[in-house]
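**Q** Chain by chain, the residues:
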Amino acid sequence: MDLISILTPLFFTLVAVGTVIGIIFGAIPGMTATMAVAVCLPLTYSLGLENGLALLLGLYVGGISGGLVPAILLNIPGTPSSITTTLDGYPMTMAGEGENALKIGIISSVIGGLISLAALYLFAPALADFAIKFSYIEKFLIIFFALTVMAALSSSLLVGIFSGVLGIFISLIGAYDISRGGNGELRLVPEFLEYYLESGFSLLPVLIGLFGLATILIEAENGMPEGQGLSGVKIAKGKPFRLSVFKGQIINLIRSSGIGTFVGILPGVGGSAASILAYSQEKNFSRHPERFGKGEPAGVIASESANNGLTGGALVPLLSLGIPGDSTTAILIGAFTLQGIQVGPLFIGNNPVTWDAMIIAMLAANLVMFLVMIFAIRHIAKVVSVPKNILFPIILMMCVVGAYTINYGVMFDVWTLLIFGLFGYLAHKIGLEIAPFIIGFILGPSAEIYFVKSLESFGTLSIFFTKSWIAVLLWVLIALSIGFSIMVSRKTKKMR
Amino acid sequence: MTGLFKTLATAAGLAAMVATPILASASELPGNVRMVIGSKSTGGDTYQNSAIIAEALSKKLDINVKVDAVGASEAFKALERDSRGTTIMIFHDQSYLAHLYGVRGYDDIFENFKVGPTVAINPGNAYLVAKNSPLQSMEDVIAAAAAGQRVRVAIQAGGVSEIGFSALKNAVKIQHPGAEENIVPVNTGSQADKNQLLFDGQADVINGSVQANEQFTQLPEDDQKAMRFIWLTAREETIAQANPEGMGDTTRDELLAFTTPNVSVTMDGEKDFTFDKEFFLLFNKDMDPEQIATIDKALTEIFAAGEIQETQKASFFIPNFKPSAEATEYLKAKREDYRHIIDAIATN
Numbered sequence: 001m002d003l004i005s006i007l008t009p010l011f012f013t014l015v016a017v018g019t020v021i022g023i024i025f026g027a028i029p030g031m032t033a034t035m036a037v038a039v040c041l042p043l044t045y046s047l048g049l050e051n052g053l054a055l056l057l058g059l060y061v062g063g064i065s066g067g068l069v070p071a072i073l074l075n076i077p078g079t080p081s082s083i084t085t086t087l088d089g090y091p092m093t094m095a096g097e098g099e100n101a102l103k104i105g106i107i108s109s110v111i112g113g114l115i116s117l118a119a120l121y122l123f124a125p126a127l128a129d130f131a132i133k134f135s136y137i138e139k140f141l142i143i144f145f146a147l148t149v150m151a152a153l154s155s156s157l158l159v160g161i162f163s164g165v166l167g168i169f170i171s172l173i174g175a176y177d178i179s180r181g182g183n184g185e186l187r188l189v190p191e192f193l194e195y196y197l198e199s200g201f202s203l204l205p206v207l208i209g210l211f212g213l214a215t216i217l218i219e220a221e222n223g224m225p226e227g228q229g230l231s232g233v234k235i236a237k238g239k240p241f242r243l244s245v246f247k248g249q250i251i252n253l254i255r256s257s258g259i260g261t262f263v264g265i266l267p268g269v270g271g272s273a274a275s276i277l278a279y280s281q282e283k284n285f286s287r288h289p290e291r292f293g294k295g296e297p298a299g300v301i302a303s304e305s306a307n308n309g310l311t312g313g314a315l316v317p318l319l320s321l322g323i324p325g326d327s328t329t330a331i332l333i334g335a336f337t338l339q340g341i342q343v344g345p346l347f348i349g350n351n352p353v354t355w356d357a358m359i360i361a362m363l364a365a366n367l368v369m370f371l372v373m374i375f376a377i378r379h380i381a382k383v384v385s386v387p388k389n390i391l392f393p394i395i396l397m398m399c400v401v402g403a404y405t406i407n408y409g410v411m412f413d414v415w416t417l418l419i420f421g422l423f424g425y426l427a428h429k430i431g432l433e434i435a436p437f438i439i440g441f442i443l444g445p446s447a448e449i450y451f452v453k454s455l456e457s458f459g460t461l462s463i464f465f466t467k468s469w470i471a472v473l474l475w476v477l478i479a480l481s482i483g484f485s486i487m488v489s490r491k492t493k494k495m496r
Numbered sequence: 001m002t003g004l005f006k007t008l009a010t011a012a013g014l015a016a017m018v019a020t021p022i023l024a025s026a027s028e029l030p031g032n033v034r035m036v037i038g039s040k041s042t043g044g045d046t047y048q049n050s051a052i053i054a055e056a057l058s059k060k061l062d063i064n065v066k067v068d069a070v071g072a073s074e075a076f077k078a079l080e081r082d083s084r085g086t087t088i089m090i091f092h093d094q095s096y097l098a099h100l101y102g103v104r105g106y107d108d109i110f111e112n113f114k115v116g117p118t119v120a121i122n123p124g125n126a127y128l129v130a131k132n133s134p135l136q137s138m139e140d141v142i143a144a145a146a147a148g149q150r151v152r153v154a155i156q157a158g159g160v161s162e163i164g165f166s167a168l169k170n171a172v173k174i175q176h177p178g179a180e181e182n183i184v185p186v187n188t189g190s191q192a193d194k195n196q197l198l199f200d201g202q203a204d205v206i207n208g209s210v211q212a213n214e215q216f217t218q219l220p221e222d223d224q225k226a227m228r229f230i231w232l233t234a235r236e237e238t239i240a241q242a243n244p245e246g247m248g249d250t251t252r253d254e255l256l257a258f259t260t261p262n263v264s265v266t267m268d269g270e271k272d273f274t275f276d277k278e279f280f281l282l283f284n285k286d287m288d289p290e291q292i293a294t295i296d297k298a299l300t301e302i303f304a305a306g307e308i309q310e311t312q313k314a315s316f317f318i319p320n321f322k323p324s325a326e327a328t329e330y331l332k333a334k335r336e337d338y339r340h341i342i343d344a345i346a347t348n
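Protein chains in written order, with full-length UniProt numbering: chain A, 1 to 496; chain B, 1 to 348.
Fair warning: there could be bad hints in the mix.
[Unchecked claim] Straight-line alpha carbon distances no greater than 25 Å define the calculated SDA-like cross-link-like pairs of lysine to any residue that follow:
(1) Lys77/B to Pro190/A
(2) Lys285/B to Asn407/A
(3) Lys77/B to Ile478/A
(4) Lys66/B to Phe412/A
[Unchecked claim] Coverage of chain A stretches by chain B, computed from C-beta distances (three or more under 8 Å per stretch; other residues unrestricted):
(5) 317 to 326
(6) 333 to 339
If you're looking for bench data, these hints aren't it; they were derived computationally from the structure. C-beta atoms are modelled at their ideal positions from N, C-alpha and C, and glycine is treated no differently.
Put together the whole structure using the sequences plus the hints.
**A** What follows is the structure in C-alpha cells.
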C-alpha cells in the first residue's frame with residue numbers, strides 16, 4: 001500500500017479525534033495520555049495499523065499537551081511531566097494571567113513537539129545509536145543531575161533537599177521489583193500493609209493528592225466565600241497576550257525542546273525528568289532566577305516545550321530499537337504487536353510507508369492540538385471564575401475517579417490520594433516543599449535501580465567517574481547545577 | 001413515615017431488579033468479563049496472545065471481554081476477589097515457576113486457583129550473544145565455563161527468563177562438576193535492559209526472544225547492536241509447527257538450527273532440556289464449574305473451527321489448546337520436571 005492511499009480523510013479524522021480525546025484525558029487530573037492510549041489500543045484491531053496509529057498518536061500528543069490546563073489553572077499537574085508547569089503557570093493564573101499562561105504553554109508545546117518531530121524524522125537511527133552509549137551509569141548520573149534541581153526549586157536549600165530525600169525514601173516503599181532487576185523483597189512496609197503496598201504508592205494518586213486535594217484542604221481552611229472564583233480576579237484583568245513574550249526565548253525554546261527530545265530517547269529515564277531538567281536549566285541561565293516560581297513565563301515555556309519535545313524523542317528508541325522511551329510508547333508498541341509487526345532496528349527500512357504515515361500523523365496531531373487548544377482557551381480559562389464551592393467538589397470527584405481508575409480499579413489508590421492529600425496539607429503547615437518532594441518521589445526508584453545495578457556490574461564507586469566521557473561531562477553539569485543552587489540561595493538570603 | 005416506606009420499597013425493588021439478572025445467570029458468563037493478565041506490558045506476548053483469545057471468546061459467546069494489563073501481583077489479587085466469573089486471568093509458566101523459585105507474592109496456583117485451558121505456546125524464548133562474541137554457540141558457553149571463564153548471563157530472576165539459565169547451570173554441573181559456578185546471573189528487568197547489558201559488554205549472554213531480538217540478528221557484525229541466537233529453548237516439534245517463513249528474515253528452518261538436538265543442553269545426562277512458554281487461563285477457586293465449562297466448550301469450538309490457529313501462527317504463536325482438566329494435569333507434570341532442575345541447582 002502506498003502512502004497516498006493511506007492518507008485518507010478517515011486517517012486525518014482519526015488524528016483529530018484522537019488529539020481532542022487526548023487533550024480531555026490530559027486535562028482531567030488522574031487521567032493520562034498513557035491511559036487514553038491503553039483504552040483505545042484494542043481499536044487498532046479493527047482500524048488497521050496506520051489508521052490505528054493515527055488515532056493513538058493523536059491521543060499521545062493530545063494527552064501530553066492537555067496536562068498543562070489543570071497545571072496552570074488549578075495547580076494540579078494533569079500529567080507527571082506537567083509538574084514544573086504548575087510552578088509558574090499557577091502563579092500567573094492567580095495574578096489574572098491564566099489565559100496568557102495557557103497561550104504561552106500551548107505555543108511552547110507545539111514548538112517543542114515540532115522540533116522533536118524533526119529530530120525523529122531526520123536523525124532517528126543515529127540518535128538511537130547515541131542512546132545506547134548510555135549505560136546504567138550514565139542514566140544514573142542524568143537522574144542525579146535532575147535531582148540536583150530539588151534544592152533550586154525551594155525557598156530554602158536545606159528544606160528543599162530534605163523534602164526531596166523524603167520523597168525518594170517514600171518512593172522506595174514496596175517490593176524491590178523483580179521486573180526491574182530486583183529481588184522481589186519488601187522494604188519499609190509494615191506487615192499489616194503488605195497486601196496493599198506490594199507495588200508501593202502509585203505515582204498518580206500521590207501526585208493528585210499532593211497537588212489537588214491538599215490545595216482544596218488549604219483553601220477550605222482559609223474559608224471559601226460563596227460565589228468567589230479561584231483566582232479572585234477577573235480573567236481579563238491581566239495584560240493582553242502578545243507574541244512578544246517569546247522575545248529572547250528562542251534559545252530557551254530550542255534548549256528545552258532539545259532536552260525533552262534527548263531525555264525521550266533514553267529509555268527508562270522517564271518523561272518527568274525532561275521538564276524538570278529543562279526548567280532548572282532555564283532558571284540557571286536566566287538573568288532573573290529569582291522570578292521563577294512566582295509567575296515567570298520563561299518557566300512555562302521551558303516546561304511545556306520540554307514535555308512535548310519528549311513525544312518525538314520517545315519514539316526514537318521505539319522505532320529504532322523496539323524499546324519504548326516512556327510509559328505511553330510502551331503501550332503504543334502494542335499496536336504493532338497486535339498487527340504482528342516487528343519493531344526493531346530494521347523497522348524504518350522495512351516499513352517506509354508506515355514510518356512516513358506516523359510522521360504525518362504526529363505533524364497533524366501537533367497542528368490539531370494547537371488549533372483546538374488555542375481556540376478553546378477563552379472558554380477553558382473560565383474555569384477559574386467558577387465559584388470555589390462548585391469547582392472544588394467537582395475537582396475532588398475527578399481526583400477520586402482518576403485515582404481509582406489509574407490502575408484499573410484499585411481502592412487503595414483512593415486511600416493513597418487521601419493520605420497524600422493530608423500529607424500535602426500538613427507539609428504546607430510545617431513548611432515542607434512539595435515540588436522537591438514529588439521530584440524525589442518520581443525519580444527515586446530509577447535512581448535506585450541504576451545505582452545498584454551499576455555497583456553490581458562494576459563493584460566500585462569509582463566507575464561513576466571513569467566509565468566514559470559522557471559520565472565526566474555529566475559530573476561537570478551536576479557540579480555546576482549544585483554550585484548555582486548555592487549561589488542563588490545565598491543571593492536570596494542577602495536580598496531578604 | 002409513609003414517604004420513608006415508599007423510598008425503602010423503591011430501593012428494595014431496584015436492588016432486586018439489579019440482582020435478578022446476576023442470580024438468573026449465575027451459571028452463565030456475565031456480559032462483561034475482565035481478562036487480567038500477568039504482565040503490565042501491552043507490547044509483549046502475553047497481551048498479544050490474550051487479545052486474540054479475548055476477541056475470539058467475545059465473538060463466540062457474544063459478550064464483552066476486555067484485556068487489562070495489570071501485572072502478576074494485581075492480577076492475582078483481582079482474581080482472588082472475584083468468584084462471579086467477571087474476572088478471569090491469562091498468564092504463562094511464570095505463574096508456577098516463580099513459586100518454585102520462591103519469589104514473594106507467587107503462591108501455588110494449583111492450590112489457590114483453578115487452572116484453565118492452555119491456549120498457545122510462544123516458541124520464541126531465546127538466548128543470544130553479541131555477534132562478534134568469541135562465544136558462538138552453547139557448546140562454546142559450556143566449554144568456556146568448564147575452562148574456568150566466568151560467563152555472565154542477563155536474565156530476569158524468578159521465572160521464564162531464569163529457567164533456561166538454571167538448565168544451563170545444571171548441564172554444566174552434570175558435564176563439568178564444579179564449573180557451574182562460572183555461570184553467573186546478571187539479574188535485570190526488561191528486554192531493553194538485557195539488550196543494553198550486551199551492548200555495554202556487561203553480559204556475555206542474554207535471555208531474549210525471537211520476536212524482540214530477531215531484527216538485531218540481521219545487523220552487520222560491526223554494529224554494536226548486532227546479536228546472534230545461540231539457543232531456542234522450545235522443543236523441536238514446537239518450532240516445526242511454525243509457519244515456514246518463521247519470523248522476520250529468519251526462516252523456520254534457520255530457527256530449528258538453534259533447538260535441540262542441534263543445540264544440546266542436557267537435563268540429566270541423557271535427555272536435552274526444553275522449555276515451551278505456554279499460555280493458559282486461571283480462574284477463581286470458587287468460580288462456578290458451569291461457567292468454566294462454558295469457556296472450555298467455547299474454546300473447544302473456536303479451536304475446532306480452525307480460524308484462530310491461523311491468527312496465532314501469523315503472530316508466531318503455536319496453537320496448543322487443552323481443556324481445563326487435561327491442562328491442569330499436563331501443567332502439574334511440567335512443573336515437576338522443572339522442579340527437579342531448580343532443586344538440583346539449589347543443592348549446589
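**Q** Could you run down the list of hints and mark each one as holding or not?
**A** Comparing the hints with the structure gives:
1. The straight-line distance between the Cα atoms of lysine 77/B and proline 190/A is roughly 19 Å, inside the 25 Å bound, and the hint therefore holds.
2. Restraint check: the Cα-Cα separation between lysine 285/B and asparagine 407/A comes to about 24 Å, which is no more than 25 Å; the hinted pair holds.
3. For the hint pairing lysine 77/B with isoleucine 478/A, the CA-to-CA distance comes to about 43 Å; that exceeds 25 Å, so the pair is violated.
4. Proximity of lysine 66/B to phenylalanine 412/A is assessed by CA-CA distance (about 22 Å); at most 25 Å being required, the pair is judged to hold.
5. Counting residues of the segment 317 to 326 of chain A whose beta-carbon sits less than 8 Å from any beta-carbon of chain B gives 5, enough to reach three: the coverage restraint holds.
6. Under a criterion of three residues with beta carbons nearer than 8 Å to beta carbons of chain B, the stated coverage of the segment 333 to 339 of chain A is upheld, 5 such residues being counted.
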